[in-house]
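Trainee: Below, each chain spelled out in residue letters.
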Amino acid sequence: MKRRDFFRNTVPILLPTLVHGMSFRAWATSPFPFLKAAGAAGGAGEGRVVVLIQLSGGNDGLNTVIPLEYYDAYYKARANIAIPREKVLRLQGNDKTGLHPAMPELQQLFNMGKLTMVQGVSYPQPNFSHFRATDIWLTGADSDRVLPTGWAGRYLDEEYPQFPNNYPNPDMPDPLAIQVGSLVSPALQGPALTMGMAITNPNSFYDLINDRSAPAAPTRAGDQLAYIREMAVKTDQYAGVIKNAAQKVSRQSDCYPPTGKNPLADQLKIVARLIAGGLKTRFYLVSMGGFDTHAKQTDNTDTTTGNHAKLLGRLSEAINAFVDDLGGLKVENRVIGMTFSEFGRRIQSNASGGTDHGAAAPVFIFGGKVQSGIIGQNPTWPDKLTVNDNLMMQYDFRAIYSTLLEKWFLADEATAEAVLFKAFEPVSFIA
Amino acid sequence: MANPVTVTSGIRRYKGEWTETQVAHLLRRTMFGASRADAGYFLKHSPRKAVRELVRTEYPLPGPPVNTYNDDKYTDPEIAAGADWTVSLKYDGMNNYRRRNSFKSWWLGLMLDQDRSLREKMVLFWHNHFVTESNNVDNALFCYRYNALLREHALGNFRELTRAVTTEPAMLRYLNGYANTKKAPDENYGRELQELFTVGKGPDSRYTESDVKAAARVLTGYTINYKTYSSSFDHNRHDETDKQFSAFYGNTIIRGIKGAAATAELDQLVDMIFSREEVSRFICRKLYRFFVYHQIDDATEQNVIRPLASLFRKKDYEIKPVLEELLCSRHFFDPANYGSMIKSPIDFTVGLCREFNVSFPDAGQYADQYGVWEQMRNQAAGLQQNIGDPPNVAGWQAYYQEPEYDKLWISSDTLPKRNQFTDRMLGGGLGRNGRKVVIDPVAFAASLSGADDPDKLIAASARALYSIDLSPEEQQFMKTNILLSGLTGMASDHYWTNAWTTYKENPGDKAARDTVNNKLKALYRHLMDLPEYQLM
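Line by line, the protein sequences give chains A and B.
Position 393, counted from 1, in the first sequence is what my numbering calls 393; the numbers after and before it change by one each time, with no gaps.
Position 359, counted from 1, in the second sequence is what my numbering calls 790; the numbers after and before it change by one each time, with no gaps.
Just so you know, the hints here were simulated from the structure itself, not pulled from any lab data.
C-beta atoms are modelled at their ideal positions from N, C-alpha and C, and glycine is treated no differently.
Some clues are possibly wrong.
Stated by the list, open to error - Taking lysine-lysine and the DSS-like style, the derived pairs with C-alpha atoms no more than 27 Å apart in a straight line are:
| no. | chain 1 | residue 1 | chain 2 | residue 2 |
| --- | --- | --- | --- | --- |
| 1 | B | Lys848 | B | Lys952 |
| 2 | A | Lys76 | A | Lys296 |
| 3 | A | Lys234 | B | Lys848 |
| 4 | A | Lys234 | B | Lys838 |
| 5 | A | Lys310 | A | Lys87 |
| 6 | B | Lys867 | B | Lys504 |
| 7 | A | Lys243 | B | Lys838 |
| 8 | A | Lys243 | B | Lys848 |
| 9 | B | Lys941 | A | Lys422 |
| 10 | A | Lys369 | A | Lys280 |
| 11 | A | Lys330 | A | Lys369 |
As the list claims (entries may be wrong) - Covered stretches of chain A (in silico footprint by chain B; criterion: 3 or more residues with CB under 8 Å from a CB of chain B, positions within the stretch not fixed):
| no. | segment |
| --- | --- |
| 12 | 52–65 |
| 13 | 132–146 |
| 14 | 218–226 |
Unchecked claim - Covered, in the sense of this in silico footprint (three residues per stretch, anywhere, with C-beta under 8 Å from a C-beta of chain B), are these stretches of chain A:
| no. | segment |
| --- | --- |
| 15 | 232–241 |
| 16 | 284–296 |
Next comes chain A alone, as it looks inside the complex (with noise of 0.2 Å):
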């Protein structure tokens, strides 16, 4: 019996449980003989951490990475939201592009190596609604082609084969992959079951690893919930390796934000700290929302501010606190993070000074072992440009996927085929 008849056969034995604003999803064990064995999963890239960062609304990929070598046409395209060149921050060794002015932070990775960009991310037929896109992106899927599961998830999947019967186990005693700050990412979503958990609030985590319990009202039901909120902690098999991961961690940078002030930081900071603290888990997920920005995209006086700059802003903030937080602990070398987004946004901005619905968007990849550049080309477009014009795709998404688990995770070629579904040319960001 193969092992994707088995899920389709078997009642997956389901171990989920919960706190208020945590959702932790475990699975019980029972015999599951015929597969390779435990000690072997994990891979040779085991250790190696892929952090990825959802942009949710769709990037405005063309103020965030500014072609200052076609700056007049870029100015040209949209006029009223257009960054002054003058304002755009250069990156070293690099004259024809640069950064949103919010992003000092992230130019300044650049700089100094650790930052890299792909130019013009996208796939073939790009789909321009929010929900369809998005599932594109998290399920690696083609343009037409509906997958009921995650790329991280097959991925997954192939390397923990056994998962989730006999986990946690010495091998692998940890999560496989943690959201935090979100319900679990379809992205993680395996053959029968998910290969996450998720800490969906900042609090509840911090919650957790202090012992205390999320507030319940003082009232019948409070008491109630009380009870079941305690008992879904002490049901949950990971809680245990999570709070002790986060105990062995207790100074964390000064780069961070106050809490509550970005919330990508305040995620990205458990993520810091999980990974510091040993997990074993191979993906975390974050997130941060607001790039659906069809109007009012920057200030009207001052283009450099505004409701994008303000998510670059933060953005930028958090990336920088999270590296410079990952050297601190010293475990920079075993995480690459890369950011990304359903889709771009128009070349031509709107009368509502904001960017409808586009295509491809550049992609940031960070940590100690990327190499820093720029790959890829600054988009050129036709001179009688129209609305509907977008940006074209340079890269296809899954290129990245794929040299991700081939090039970080040193999966081979074969795995990587058969988790995004056909060969892609890898992209040389990894030093």
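Position chain B against the provided structure of chain A, taking the given hints into account.
Mentor: Chain B alone, transformed into the frame defined by chain A:
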């Protein structure tokens, strides 16, 4: 656990708000789950009329279980497939456990298909009160008849029910009444009759060991006839001497009667026990714990239990007036009691099916129908409530064990299983012969008002499924992370609205349906994973 809140409201009639909140509270407590249809129906009533209808409407008694148990190893030579097996008087190793199984599944089906009536909930109440275990009773017909007896008397007269239960074969068998003779008295039933079934173990219940012995002697002589599968009285085995009771029973003497007329002694015994006020209090406390809240503090004892018990006696132990009074009371509708109970496994499993209007195979496919009922019953059994087989004569611990009571339903074993069950009902569901029994989240959302508006949809879903309010933060979280795939800001709501409208305008478009179906599945999975869904 300390009672965090004292509720001082009493049994005066409730005349407050009558919104979905109150209706759902009433329905979850008196039926299994608050179905959309029932909630809509009773919303048009007043509280009093709603309770009256639930308590007083006389629905026909259900038809008997049928043969759905033929399989590759056995075909019933006597009872045709789909036919009533309770007419059979032949029981053997092949048919008995199959029929017992059939009976238990049939019962679960009655809960799923219940009328707008308190009756099925009261059958469960009496089953947990006058406990018998089918594993122990063994004979399938006894089990069925006992259950039918509880249903027939469910909203009748408590004294008459007690009298009837006492000589019912299932009970004679379960507590050894059939073996209780003048030569070898068996005190089992005589003890439980007082300790568990009538006067109870409260501080004012002061019956003695000699009362147990005397009652046992009254009860000698009843036997089971295994040819007719009925109980009978054999006066030769009856103790014809006088039975002296203690001061608790006013030093009553039940005079020994000779011959077949000696069954009148049992009538006297029951009357004597029911002359004690404590009987009414004991049952009213048990009803209160079953319908309202596990803890009875002084305020509740004085404001609720005492007046109810007094009414119970005044009405000569008729059950309906007491339930009507309790369920119409300000105390019952006190917001402090909303969500104050942890759902029993039956409330959890059957309630879920009814709340989501999960459709089951109909009677035409009786084998599949019973098969899926059995699966549902096994789900509840896995959550530690196996109907027909409580753990012991005292019933399920969660209904009586101080101080935890209904918290005992939730353990490190059962809480994950509860989450597993709700997940499963949204995913693969239960099934038989390709017939899937599963939640349709799209149909459920469509039954709510404002499904096209993500805020309204989440609020309406929470109102339909929860007994307590969902915090605005949690609603926002669900909207952003589930319905809007991470999109934030007021301007994002239309993405859900578009998706929903697109589906409604093109119900046959698979992609449009998948989009809303996947999000709604995730929404309801999350709503039912949260601890709030454990409460009612």
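Trainee: Compare the structure with each hint and give your call.
Mentor: Comparing the hints with the structure gives:
For the suggested pair B/Lys848 and B/Lys952, the alpha carbons sit about 18 Å apart, so the restraint of at most 27 Å is met. Pair hint A/Lys76 plus A/Lys296 holds up; C-alpha atoms about 18 Å apart against a cutoff of 27 Å. The hinted pair formed by A/Lys234 and B/Lys848 meets the criterion: a straight-line CA distance of about 14 Å does not exceed 27 Å. Straight-line distance between C-alpha atoms of A/Lys234 and B/Lys838 comes to about 15 Å, which keeps the hinted pair within the 27 Å bound.
Between A/Lys310 and A/Lys87 the alpha-carbon distance is near 16 Å, which keeps this suggested pair within the 27 Å criterion. Straight-line distance between C-alpha atoms of B/Lys867 and B/Lys504 comes to about 26 Å, which keeps the hinted pair within the 27 Å bound. At most 27 Å may separate the alpha-carbon atoms for a hinted pair to count; A/Lys243 and B/Lys838 meet this at roughly 26 Å. Using a Cα cut-off of 27 Å, the hinted pair A/Lys243 and B/Lys848 holds, with the two alpha carbons roughly 24 Å apart.
Only pairs whose Cα atoms come within 27 Å are accepted, and B/Lys941 paired with A/Lys422 is accepted, the gap being roughly 26 Å. Note on A/Lys369 and A/Lys280: the hinted pairing holds, with a Cα-Cα distance of about 18 Å set against a maximum of 27 Å. For the suggested pair A/Lys330 and A/Lys369, the alpha carbons sit about 13 Å apart, so the restraint of at most 27 Å is met. For the segment 52–65 of chain A, the assignment as covered by chain B holds, since 3 residues bring a beta-carbon within under 8 Å of that chain's beta-carbons and 3 suffice.
For the segment 132–146 of chain A, the proposed coverage by chain B is satisfied: 3 residues have a C-beta within less than 8 Å of a C-beta in that chain, meeting the threshold of three. Here's how the segment 218–226 of chain A fares: 8 of its residues keep a CB closer than 8 Å to some CB of chain B, so the rule of at least three is met and the hint holds. Counting residues of the segment 232–241 of chain A whose beta-carbon sits less than 8 Å from any beta-carbon of chain B gives 3, enough to reach three: the coverage restraint holds. Residues of the segment 284–296 of chain A with a Cβ under 8 Å from some Cβ of chain B number 6, which satisfies the need for three, so the listed coverage holds.
Checked against the numbered hints above, the structure violates none of them.
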